[in-house]
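These protein sequence lines are chains L and H, in that order. Read in my numbering, the first sequence has 136 at position 136, and its numbers run on one by one without any break. Read in my numbering, the second sequence has 69 at position 69, and its numbers run on one by one without any break.
Think of the hints as simulated: they come from the structure by calculation, not from any bench. Some hints could be false.
As the list claims (entries may be wrong) - With a straight-line cut-off of 20 Å between C-alpha atoms, the simulated EDC-like cross-links for lysine to aspartate or glutamate are:
{"hint": "1", "chain 1": "L", "residue 1": "Lys148", "chain 2": "L", "residue 2": "Glu81"}
{"hint": "2", "chain 1": "L", "residue 1": "Lys148", "chain 2": "H", "residue 2": "Glu94"}
{"hint": "3", "chain 1": "L", "residue 1": "Lys37", "chain 2": "H", "residue 2": "Glu15"}
{"hint": "4", "chain 1": "L", "residue 1": "Lys37", "chain 2": "H", "residue 2": "Glu53"}
{"hint": "5", "chain 1": "H", "residue 1": "Lys151", "chain 2": "L", "residue 2": "Asp61"}
{"hint": "6", "chain 1": "L", "residue 1": "Lys37", "chain 2": "H", "residue 2": "Glu46"}
{"hint": "7", "chain 1": "H", "residue 1": "Lys151", "chain 2": "H", "residue 2": "Glu27"}
{"hint": "8", "chain 1": "L", "residue 1": "Lys37", "chain 2": "L", "residue 2": "Glu81"}
{"hint": "9", "chain 1": "L", "residue 1": "Lys37", "chain 2": "H", "residue 2": "Asp116"}
{"hint": "10", "chain 1": "H", "residue 1": "Lys151", "chain 2": "H", "residue 2": "Glu46"}
{"hint": "11", "chain 1": "L", "residue 1": "Lys37", "chain 2": "L", "residue 2": "Glu23"}
{"hint": "12", "chain 1": "L", "residue 1": "Lys87", "chain 2": "H", "residue 2": "Glu46"}
{"hint": "13", "chain 1": "L", "residue 1": "Lys148", "chain 2": "H", "residue 2": "Glu107"}
{"hint": "14", "chain 1": "L", "residue 1": "Lys87", "chain 2": "L", "residue 2": "Glu137"}
{"hint": "15", "chain 1": "L", "residue 1": "Lys37", "chain 2": "H", "residue 2": "Glu27"}
{"hint": "16", "chain 1": "H", "residue 1": "Lys95", "chain 2": "H", "residue 2": "Asp26"}
Stated by the list, open to error - Among the chain H residues that face chain L by a calculated CB cut under 8 Å, a handful are:
{"hint": "17", "residue": "Trp17"}
{"hint": "18", "residue": "Val21"}
{"hint": "19", "residue": "Val25"}
{"hint": "20", "residue": "Leu28"}
{"hint": "21", "residue": "Asp29"}
{"hint": "22", "residue": "Pro32"}
{"hint": "23", "residue": "Leu35"}
{"hint": "24", "residue": "Val36"}
{"hint": "25", "residue": "Ile48"}
{"hint": "26", "residue": "Val135"}
{"hint": "27", "residue": "Pro136"}
{"hint": "28", "residue": "Arg145"}
{"hint": "29", "residue": "Met146"}
{"hint": "30", "residue": "Asn147"}
{"hint": "31", "residue": "Pro150"}
Stated by the list, open to error - Partial list, derived from the structure: chain H residues whose beta carbon lies under 7 Å from chain L:
{"hint": "32", "residue": "Ala42"}
{"hint": "33", "residue": "Thr77"}
{"hint": "34", "residue": "Gly81"}
Backbone N, C-alpha and C define an ideal beta-carbon position, used for all residues, glycine too.
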Amino acid sequence: MGAVTELHTARTNPPWDGLEGAERHAACVLAARAGDKAALDVLVAELTPLVWHIARGGGLDRAAAEDVVQTVWLALLRHVESITEPKALVGWLITTARREASRTRQRGSAQVELSPEVAEHVLSTEPMPEAEALRTERDRQLWSAFHKLDQRCQELLRLTVLAGRAEYRVVAEQLRMPHGSIGPTRGRCINTLRALYHDGDGGR
Amino acid sequence: MRTMDDYEMEPAEQEYWLSQVARLVDELDPVPPGLVARAQFAIAIEDIDAEVELEAARWAESHSLVGVRGGAPGTITFFVGDLTVMVNVTRTGEKQRIDGWLVPAGEHGVEVRVADHGSSATTADEGGRFVLTEVPRGTTQILVRMNGGPKPRTVVTPTVEL
Numbered sequence: 001m002g003a004v005t006e007l008h009t010a011r012t013n014p015p016w017d018g019l020e021g022a023e024r025h026a027a028c029v030l031a032a033r034a035g036d037k038a039a040l041d042v043l044v045a046e047l048t049p050l051v052w053h054i055a056r057g058g059g060l061d062r063a064a065a066e067d068v069v070q071t072v073w074l075a076l077l078r079h080v081e082s083i084t085e086p087k088a089l090v091g092w093l094i095t096t097a098r099r100e101a102s103r104t105r106q107r108g109s110a111q112v113e114l115s116p117e118v119a120e121h122v123l124s125t126e127p128m129p130e131a132e133a134l135r136t137e138r139d140r141q142l143w144s145a146f147h148k149l150d151q152r153c154q155e156l157l158r159l160t161v162l163a164g165r166a167e168y169r170v171v172a173e174q175l176r177m178p179h180g181s182i183g184p185t186r187g188r189c190i191n192t193l194r195a196l197y198h199d200g201d202g203g204r
Numbered sequence: 001m002r003t004m005d006d007y008e009m010e011p012a013e014q015e016y017w018l019s020q021v022a023r024l025v026d027e028l029d030p031v032p033p034g035l036v037a038r039a040q041f042a043i044a045i046e047d048i049d050a051e052v053e054l055e056a057a058r059w060a061e062s063h064s065l066v067g068v069r070g071g072a073p074g075t076i077t078f079f080v081g082d083l084t085v086m087v088n089v090t091r092t093g094e095k096q097r098i099d100g101w102l103v104p105a106g107e108h109g110v111e112v113r114v115a116d117h118g119s120s121a122t123t124a125d126e127g128g129r130f131v132l133t134e135v136p137r138g139t140t141q142i143l144v145r146m147n148g149g150p151k152p153r154t155v156v157t158p159t160v161e162l
């Protein structure tokens with residue numbers, strides 16, 4: 001009887017059930033290696049926001065960032081057998097997403113001979129936000145100031161926001177920043193953001 | 001531009017600016033609706049195991065201007081390593097016809113997967129040309145299966161809306 005119950009439990013509760021953070025990611029990686037397709041779906045569902053914000057922080061427009069997100073997950077599918085530290089999956093994703101975003105950026109800037117209407121889309125300096133997301137002047141100013149920051153600041157501030165959330169505490173560990181603290185680099189980025197925001201407001 | 005680097009910001013003000021960044025992350029630049037499902041579809045590939053070398057292809061810049069933005073048919077290109085694949089999409093009523101060209105040419109297997117519509121497969125001719133007709137429209141992924149080398153290679157694309 002007992003054995004049957006155990007088996008039943010093992011079937012209905014996946015190995016990552018009840019785990020959090022790095023332990024949960026590691027359990028999913030190991031299950032994926034054993035052929036459990038649902039394990040990869042869990043990782044995609046929970047960590048796509050992280051990969052998305054790395055790609056966007058790397059200066060890609062939304063369409064290019066979408067491709068980077070999918071390419072990173074295809075890379076995980078390819079490398080799931082060879083990831084040496086399943087617990088460090090978040091670090092692997094950050095590194096892979098940065099590399100892929102950088103490749104995409106270089107390819108974009110190497111493009112030549114664009115027609116004028118295409119160039120209008122491609123060469124805009126600020127990656128476009130969600131359509132019609134910028135409803136107020138305040139939103140437009142925030143968007144514009146944020147995208148004048150260097151890419152390091154843009155990524156760091158996006159990741160800081162994610163790392164402040166319970167489900168992304170592992171990102172804070174990856175950034176080697178105590179939860180809730182403001183590191184010196186972040187402080188500099190925030191100062192610059194504020195200055196750019198007020199400059200956009202006529203230097204008030 | 002003025003700089004305020006020397007100015008020590010109050011914690012409350014830092015919190016305010018971080019909350020502004022949070023607004024940007026959550027409201028102005030959220031993960032696109034459906035992206036998680038598209039990524040899950042993209043990795044749900046059959047016949048992938050340790051015996052197959054999986055390679056993720058990249059769409060050339062133009063696909064965002066052809067497929068995603070306009071929703072109109074046209075020519076799109078993807079590539080990986082030395083392989084380039086040009087794909088021309090033509091509407092045929094509710095469905096579409098896909099004409100493709102592999103460079104360098106090879107008699108490789110080509111599969112087109114459409115979310116919720118299964119997949120269609122064919123083999124390119126010796127000139128690298130392939131044709132698939134009556135392909136449903138939707139979230140689409142293209143795979144090229146190459147058996148020539150020491151290890152079978154499968155090239156897969158990110159999804160594209162066709």
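To see whether the hints hold, each was checked on the structure:
1. A hinted pair counts as satisfied when its Cα atoms are at most 20 Å apart, and L:Lys148 with L:Glu81 does not qualify at roughly 40 Å.
2. Restraint check for L:Lys148 and H:Glu94: the C-alpha separation of about 45 Å exceeds 20 Å, so the hint is violated.
3. Between L:Lys37 and H:Glu15 the alpha-carbon distance is near 40 Å, which puts this suggested pair outside the 20 Å criterion.
4. At roughly 18 Å between alpha-carbon atoms, L:Lys37 and H:Glu53 fall within 20 Å of each other, so this suggested pair holds.
5. For the given pair, H:Lys151 sits about 36 Å from L:Asp61 by alpha-carbon distance, which is inconsistent with the 20 Å threshold.
6. Restraint check: the Cα-Cα separation between L:Lys37 and H:Glu46 comes to about 11 Å, which is no more than 20 Å; the hinted pair holds.
7. Of the supplied pair hints, the one linking H:Lys151 and H:Glu27 is violated, its CA atoms being roughly 46 Å apart against a limit of 20 Å.
8. Restraint check: the Cα-Cα separation between L:Lys37 and L:Glu81 comes to about 13 Å, which is no more than 20 Å; the hinted pair holds.
9. A distance of roughly 18 Å separates the Cα atoms of L:Lys37 and H:Asp116; the hinted pair therefore holds under the 20 Å criterion.
10. Among the hinted pairs, H:Lys151 with H:Glu46 is consistent with the structure: their alpha-carbon atoms are about 17 Å apart, no more than 20 Å.
11. For the hint linking L:Lys37 to L:Glu23, the alpha-carbon distance of about 18 Å falls within 20 Å, and the restraint holds.
12. Our distance criterion of 20 Å between C-alpha atoms is broken by L:Lys87 and H:Glu46, whose separation comes to about 27 Å.
13. Using a Cα cut-off of 20 Å, the hinted pair L:Lys148 and H:Glu107 is violated, with the two alpha carbons roughly 49 Å apart.
14. Pair hint L:Lys87 plus L:Glu137 does not hold up; C-alpha atoms about 43 Å apart against a cutoff of 20 Å.
15. Distance restraint check for L:Lys37 and H:Glu27: the Cα-Cα separation of roughly 31 Å exceeds the 20 Å cut-off, and the hinted pair is therefore not satisfied.
16. For a cut-off of 20 Å, the pair hint linking H:Lys95 to H:Asp26 is broken: about 37 Å separates their Cα positions.
17. The criterion of a C-beta within 8 Å of any C-beta in chain L is met by H:Trp17, whose closest approach is roughly 5 Å, and the hint holds.
18. Because the beta carbon of H:Val21 sits about 5 Å from the nearest beta carbon in chain L, less than 8 Å, this interface hint is met.
19. Here the hint on H:Val25 is kept, as its CB sits about 5 Å from the closest CB of chain L, short of 8 Å.
20. For H:Leu28, the interface hint holds, the least distance from its beta-carbon to any beta-carbon of chain L being 5 Å, beneath 8 Å.
21. The closest approach between the C-beta of H:Asp29 and any C-beta of chain L is roughly 6 Å, which is under the 8 Å cut-off, so the hint is satisfied.
22. Contact between H:Pro32 and chain L, as hinted, is supported at the beta carbon level, the nearest pair being about 6 Å apart and thus within 8 Å.
23. Contact between H:Leu35 and chain L, as hinted, is supported at the beta carbon level, the nearest pair being about 6 Å apart and thus within 8 Å.
24. Because the smallest distance between the Cβ of H:Val36 and any Cβ of chain L comes to about 5 Å, under 8 Å, the interface hint for this residue holds.
25. Taken as an interface hint, H:Ile48 checks out: its beta carbon lies about 7 Å from the nearest beta carbon of chain L, inside 8 Å.
26. Nearest Cβ of chain L to the Cβ of H:Val135: about 20 Å, over the 8 Å cut. The hint is violated.
27. Checking H:Pro136 against chain L by beta carbon gives a least distance of about 20 Å; that is not within 8 Å, so the hint is violated.
28. The interface hint given for H:Arg145 is violated, since its Cβ lies 15 Å from the closest Cβ of chain L, which is over the 8 Å cut-off.
29. Taking 8 Å as the C-beta cut-off, the interface hint given for H:Met146 is violated, the closest approach to chain L being about 15 Å.
30. About 18 Å separates the beta-carbon of H:Asn147 from the nearest beta-carbon of chain L, more than 8 Å, and the hint is not met.
31. A least Cβ separation of about 17 Å between H:Pro150 and chain L goes past the 8 Å threshold, and the interface hint is therefore violated.
32. Given the 7 Å rule on beta carbons, the hint for H:Ala42 holds: about 5 Å separates it from the nearest Cβ of chain L.
33. The restraint placing H:Thr77 at the interface with chain L is violated, with a minimum CB-CB distance near 12 Å, outside the 7 Å limit.
34. For H:Gly81, the suggested interface contact is broken, since its CB lies about 13 Å from the closest CB of chain L, more than 7 Å.
Checked against the numbered hints above, the structure breaks hints 1, 2, 3, 5, 7, 12, 13, 14, 15, 16, 26, 27, 28, 29, 30, 31, 33 and 34 and satisfies the rest.
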